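Undergrad: Start from the sequences and build out the full structure, keeping to the hints where you can.
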Amino acid sequence: MKLRSTFRAATALTLVSAAAVSAETITIATVNNGDMIRMQGYTDDFTEKTGHEVEWVTLEENVLRQRVTTDITTNGGQFDIMTIGMYETPIWGANDWLVPLDDLSEDYDVNDILPAMRAGLSHDDTLYAAPFYGESSMVMYRTDLMEEAGLEMPDAPTWQFIREAAAAMDDPENHVNGICLRGKAGWGEGGAFITVTGNSFGARWFDMDWNAQFDQPEWKEALTFFVNLMNDYGPEGYATNGFNENLSLFQQGKCGMWIDATVAASFVTNPEDSEVADSVGFALAPNSEGVEKRSNWLWAWALAIPAGTQKEDAAKEFIEWATSKDYIEMVAENEGWANVPPGARTSLYETPEYQEVPFADITLDSINAADPTDPTVDPVPYVGIQFVAIPEFAGIATQVSQEFSAVYAGQQSIDEALETAQAITNEAMEAAGYQ
Amino acid sequence: MATKASRSAARLMMAPAVVLLMAWMLVPLSMTVWFSFRKYLPLRGGDLGFAGFENYGRFVSSSSFWPAVSTTLIIVGSVLVITVVLGVLLALLLDQPFWGQGVVRILIIAPFFVMPTVSALVWKNMFMDPTNGLFAHLWRLFGADPVAWLSEASTGSVVLIIAWRWLPFATLILLTAIQSLDSEQLEAAEMDGAGPLQRFGHIILPHLGRAITIVILIQTIFLLSIFAEIFVTTGGAFGTRTLTYLIFQRVLESQNVGLGSAGGVYAIILANIVALFLMRIVGKNLDA
Amino acid sequence: MARAVTTRRKTLTTALAWVVGLVIFFPILWTILTSFKTEAQAVANPPLFLNFDWTLENYAVVQERSNYMRFLWNSVILAGGSTILGILVAVPAAWSMAFVPSRRTKDILLWMLSTKMLPAVGVLYPIYLLFIRFGLLDSRAGLVMVLMLINLPIIVWMLYTYFREIPGEILEAARMDGATLREELLYILTPMAIPGIASTVLLNFILAWNEAFWTLNLTAVDAAPLTAFIASYSSPEGLFFAKLSAASTMAIAPILILGWFSQKQLVRGLTFGAVK
Numbered sequence: 001m002k003l004r005s006t007f008r009a010a011t012a013l014t015l016v017s018a019a020a021v022s023a024e025t026i027t028i029a030t031v032n033n034g035d036m037i038r039m040q041g042y043t044d045d046f047t048e049k050t051g052h053e054v055e056w057v058t059l060e061e062n063v064l065r066q067r068v069t070t071d072i073t074t075n076g077g078q079f080d081i082m083t084i085g086m087y088e089t090p091i092w093g094a095n096d097w098l099v100p101l102d103d104l105s106e107d108y109d110v111n112d113i114l115p116a117m118r119a120g121l122s123h124d125d126t127l128y129a130a131p132f133y134g135e136s137s138m139v140m141y142r143t144d145l146m147e148e149a150g151l152e153m154p155d156a157p158t159w160q161f162i163r164e165a166a167a168a169m170d171d172p173e174n175h176v177n178g179i180c181l182r183g184k185a186g187w188g189e190g191g192a193f194i195t196v197t198g199n200s201f202g203a204r205w206f207d208m209d210w211n212a213q214f215d216q217p218e219w220k221e222a223l224t225f226f227v228n229l230m231n232d233y234g235p236e237g238y239a240t241n242g243f244n245e246n247l248s249l250f251q252q253g254k255c256g257m258w259i260d261a262t263v264a265a266s267f268v269t270n271p272e273d274s275e276v277a278d279s280v281g282f283a284l285a286p287n288s289e290g291v292e293k294r295s296n297w298l299w300a301w302a303l304a305i306p307a308g309t310q311k312e313d314a315a316k317e318f319i320e321w322a323t324s325k326d327y328i329e330m331v332a333e334n335e336g337w338a339n340v341p342p343g344a345r346t347s348l349y350e351t352p353e354y355q356e357v358p359f360a361d362i363t364l365d366s367i368n369a370a371d372p373t374d375p376t377v378d379p380v381p382y383v384g385i386q387f388v389a390i391p392e393f394a395g396i397a398t399q400v401s402q403e404f405s406a407v408y409a410g411q412q413s414i415d416e417a418l419e420t421a422q423a424i425t426n427e428a429m430e431a432a433g434y435q
Numbered sequence: 001m002a003t004k005a006s007r008s009a010a011r012l013m014m015a016p017a018v019v020l021l022m023a024w025m026l027v028p029l030s031m032t033v034w035f036s037f038r039k040y041l042p043l044r045g046g047d048l049g050f051a052g053f054e055n056y057g058r059f060v061s062s063s064s065f066w067p068a069v070s071t072t073l074i075i076v077g078s079v080l081v082i083t084v085v086l087g088v089l090l091a092l093l094l095d096q097p098f099w100g101q102g103v104v105r106i107l108i109i110a111p112f113f114v115m116p117t118v119s120a121l122v123w124k125n126m127f128m129d130p131t132n133g134l135f136a137h138l139w140r141l142f143g144a145d146p147v148a149w150l151s152e153a154s155t156g157s158v159v160l161i162i163a164w165r166w167l168p169f170a171t172l173i174l175l176t177a178i179q180s181l182d183s184e185q186l187e188a189a190e191m192d193g194a195g196p197l198q199r200f201g202h203i204i205l206p207h208l209g210r211a212i213t214i215v216i217l218i219q220t221i222f223l224l225s226i227f228a229e230i231f232v233t234t235g236g237a238f239g240t241r242t243l244t245y246l247i248f249q250r251v252l253e254s255q256n257v258g259l260g261s262a263g264g265v266y267a268i269i270l271a272n273i274v275a276l277f278l279m280r281i282v283g284k285n286l287d288a
Numbered sequence: 001m002a003r004a005v006t007t008r009r010k011t012l013t014t015a016l017a018w019v020v021g022l023v024i025f026f027p028i029l030w031t032i033l034t035s036f037k038t039e040a041q042a043v044a045n046p047p048l049f050l051n052f053d054w055t056l057e058n059y060a061v062v063q064e065r066s067n068y069m070r071f072l073w074n075s076v077i078l079a080g081g082s083t084i085l086g087i088l089v090a091v092p093a094a095w096s097m098a099f100v101p102s103r104r105t106k107d108i109l110l111w112m113l114s115t116k117m118l119p120a121v122g123v124l125y126p127i128y129l130l131f132i133r134f135g136l137l138d139s140r141a142g143l144v145m146v147l148m149l150i151n152l153p154i155i156v157w158m159l160y161t162y163f164r165e166i167p168g169e170i171l172e173a174a175r176m177d178g179a180t181l182r183e184e185l186l187y188i189l190t191p192m193a194i195p196g197i198a199s200t201v202l203l204n205f206i207l208a209w210n211e212a213f214w215t216l217n218l219t220a221v222d223a224a225p226l227t228a229f230i231a232s233y234s235s236p237e238g239l240f241f242a243k244l245s246a247a248s249t250m251a252i253a254p255i256l257i258l259g260w261f262s263q264k265q266l267v268r269g270l271t272f273g274a275v276k
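Chains as they are written, first to last, in this note's numbering: chain A, 1 to 435; chain B, 1 to 288; chain C, 1 to 276.
Simulated from the structure, these hints should not be mistaken for laboratory data. Treat the hints with caution; some may be incorrect.
Listed below are the simulated SDA-like cross-link pairs for lysine to any residue, each with C-alpha atoms no more than 25 Å apart in a straight line [stated by the list, open to error]:
{"id": "1", "chain 1": "A", "residue 1": "311", "chain 2": "C", "residue 2": "265"}
{"id": "2", "chain 1": "A", "residue 1": "311", "chain 2": "A", "residue 2": "36"}
{"id": "3", "chain 1": "C", "residue 1": "10", "chain 2": "B", "residue 2": "193"}
{"id": "4", "chain 1": "A", "residue 1": "311", "chain 2": "C", "residue 2": "216"}
All values derive from a computational prediction rather than experimental measurement.
TA: Right under this line is the structure:
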C-alpha cells in the first residue's frame, strides 16, 4: 500500500515535470460564439499555468461542423480539441472517436457538472466531452411593453397566451414586432425551434418503428400555429432569421418577445450591446394548452479530444482549465457574474453572487425541465429534444427545415411542406436501413 | 515546318502539364467512382461494402434531383445573360471618350477582386437584410414595405450577387475586343449613312462574337461550381439548391459519401455535356 | 459646331460612366465606410454616409481576435507560390502547343479545361484522404499544389493564346540565324510574351487568392489564408455590421490595391485570344 502510494507520487511528479519540460502547442477548433471568443482572450492565463501554447481555429458554426466532421471521420488529426455539441458527442463517442474523459482530476470535480448536461454528453455513462456552457430555451420579453399592454407574463405561459401578448405588443408604426422566432433553414436553427414547438403540441419525429410522423395532426397544428403567429406578429423576412439575427433585433428593441437560448439572457441584459437591457423579463418556454411538455430544448457546447491526438495530456489540461470552477471565477472577477459561461456546473447556481443575476434561476429551471430521453408526449425510439441523436438526422432535418422555411417565406403551403417532409424523411430512413 | 526534333522536344515540354493534370483528374475521379459504388457512411463506421448502382438510382430518384438540375441551369444561364448583355453595353460606354476613364475603369473592375465569401456576406447582411439592410432603408424611404430578398426573391438575389462579381470580368474582355475594332471600318459605315443601331448590329456585334463565346465558356466553367455564394446566403433553401450544393448536402450534411460521390459523377457528366456543347462553338471560333 | 457637340456628348458620357462606375463600386465603398463606424451607426436609419465619428475600434477588435498578419502572409505564399509554379509548368506546355501544333493540340487544350469542371465538393473525401496519407493537411506545400492544379488549365490557355499571336516568321528568321531552341525561348519568345505572362500571373494570383473551398477545408492553422480568416466572422452575435466590414476590408484590401496598381497589365492581357 505504502509502496503503491510512493509509486503514485513518483508518477505524479514525473508527470508534472514532464508537463513542465515538454510544453506543447495544442490546436483547438471552436465556434465563434461570444463565450468562446472571451475564452480566447484568457489563453495567456492557461499558458502561464501550464506552459502549453494554444492555436485557435475559430469558425462559424456551419463551417466548423463541416470541418471537424470531415476530420474526425477520416482520422485527419488536425485538431487536439474540438468544440462540439450534444448532438455529435454521443454518436462520436459510440464510434470510439473521442478520448473518454473518465480520469479528470479530483480538483476538477466532475460530479459538479449539471446532471442533464453530463447525461447528454455521455455514451454508455462515459463522459466524452466537457461542457463549456449549456443552455435550454425560454421566453425573453420586454417588461415595459407588457406593462403598456396591460398584461402580465405568467412564470409558465402557454402558446395561446404568447399569441395574445404578441398581438398586444405588436406595433408596426414604431418598428416593434410582437414576437421574434427562428425561421432560418438548418437543423440547428429553425429546425431546432420547430421541433421543440412540435413537442409542445404533442408532435414527434418518429414513432417507435422509425416511421416519420409529419402526416400526423399534431405536426399540422404546431406548424399552422407557428406560421400564423409569425405572419401576424413576426418581423419581415423571419424565414431567414436565426439566433444571431433575432438577437440583434431584440437588442435594438424591435421585438416584444423572443423565445430562444437561455444564454442569450446575458447578451440582452448587457447595457453595452443592448438598448433594452434594463427592461427584459424571463419566463419558461411555452406549451400548448393541455399538453404537458414545454418547448424548451437542451444543448451544450462542449470540448472533446479526438482519439489519436499526440497531445492528449495537454488537451486534457486545457479542458480542465476551460471548464473549471476557477475559470468561471476568473471571468466573474473580470467581467461580472452575468457574463460567466452558464449552464454547466451545479456550483455556479449555488454561488450567492450568481443567484442575484436575474436570469440565473429561470435558466436552471429550464435546463432541469428538459429531458432528452422523454422529449414529447408519446413515446419515441430516440434520444434528444430538438434533435434525434442518429447520424442521419442532421442531413434530414436540414432538408425538412428548408421545406418549412419555404412555407414561412410564402412559397408553399403547410400541407405541401409536411408532405415533402414526410417523403424526405422516410426516403432517408429507408436508405439508412431503419425501416 | 516543325522538325522531328522540335516535335519530340515539344512533347517533352508539354509532359509536365499533361501528366500533372491527368493525375489531378484521374486520381480523385477514380476514387469518386469507387466510392459511388460503395455504401460509404463515415458516421456509421465507414465503408460498409458494395452497393451496386443503388447510389446512382437513389440520387436521381430523390425528389431534390431535377429541381437541383434546373436551378443550376437557371442560375448559370441568368448570370451569363446578365453579364454578357450588360457587359457589351458597359464596354460600349467605356470605349467612348470621357473624363476620368482610368478611375472609372478601376471602379468597375473592383468587384472581381472581392472573394466570393466576402461579397456574399456583404450583400446578405448590409444590403439584403430586411431590417437593417440598405435596401430596406431605401424601400422605407419611399414608403414601401422592405423585401426579404433572400427568401422572397432568393434565386434573383443569388444571381445578382454572382453577376456583380462576374460582370467586370465580362466587361473587360469585351472592352479589349471592341478596342481592337478597326475604326476606319466604322467611319466608313457612318459615311454610308448607317445609324448607330445598324453599325452596332452589322459591325460591332459580329466582331464581338468570338469574345462573347470566350466569356461564356470561361464563366460557365466557374459558375457550374459556385458554392460560397449559396452556402453563405440561403444555405440551399428557397429553391437555390444547385447540383453542387445538393452533393455538398449528401456528402457533408447527411454524411453519405457513396451517395454524394454518385452525385459527383452525375455532375461531371452534366458539366461535360455543357462543355462539349460550348467547346464545339468555341473550337469553331478558335479556328476561324 | 462639331466641337461643341463632341464636348456635350463627352460630358454626357462622362456623367453616365461615372454613375455606372459608382453604382458598381458602391458595395465595396459602403463596406469600407461602415468599417469606420460604431455598431450603432452602422445600422442607423437613415444611413450615415460621411457624417459619422470615424473610429478604428473595429479594426482593433478584429486584430485582437485573430492574427491578421499570419493569414495575410499565408495568402501571399499560397497565391504567389501556386502562380509561380503554374507558370513554370505552363509556359513550356503552351509554347509547344502554339509553335509545334499537332492534330491533337486542340483536344488536349479542351480536355485540360474540362478538368476544371470537377465539382470540388464531390471529391472532398478522396482529396482529404490523400492529404492525410501524404501528410499534407494544413501544409502550404499541399495547398500550393492544389491551387496550381486548379488554375493550370486557365494559365495554359491564356499563355497559348498569347504565344499564338507571336508571328512565326520571327522564329523562322531566328532559326535561320542558327538560334537554338533554348535561345529562341530565352531571347526572342520570352521578351515578346512578357505582357501576356504578366497578365496571366495577375489573373491567376487573383483566382488563387479568392479560392475559398480547398483553402478552408484543407487548412487549420499553419497554412490558413484570409479565406479562413473571414470564415470566423460570418455570423457573430448581436450587432456586427461594423466588425464584419472591418474584417471584410482587411481580407480584400491587399488584392484590391494590387489589382488597381496592375490594372493596365491585367486588362491588356485579358483577351483569351478574343482579339486577332
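Undergrad: Take the hints in turn and mark each one as holding or not.
TA: Hints versus structure:
no., hint, result
1, 311/A x 265/C, "violated, 50 Å"
2, 311/A x 36/A, "holds, 21 Å"
3, 10/C x 193/B, "holds, 22 Å"
4, 311/A x 216/C, "holds, 24 Å"
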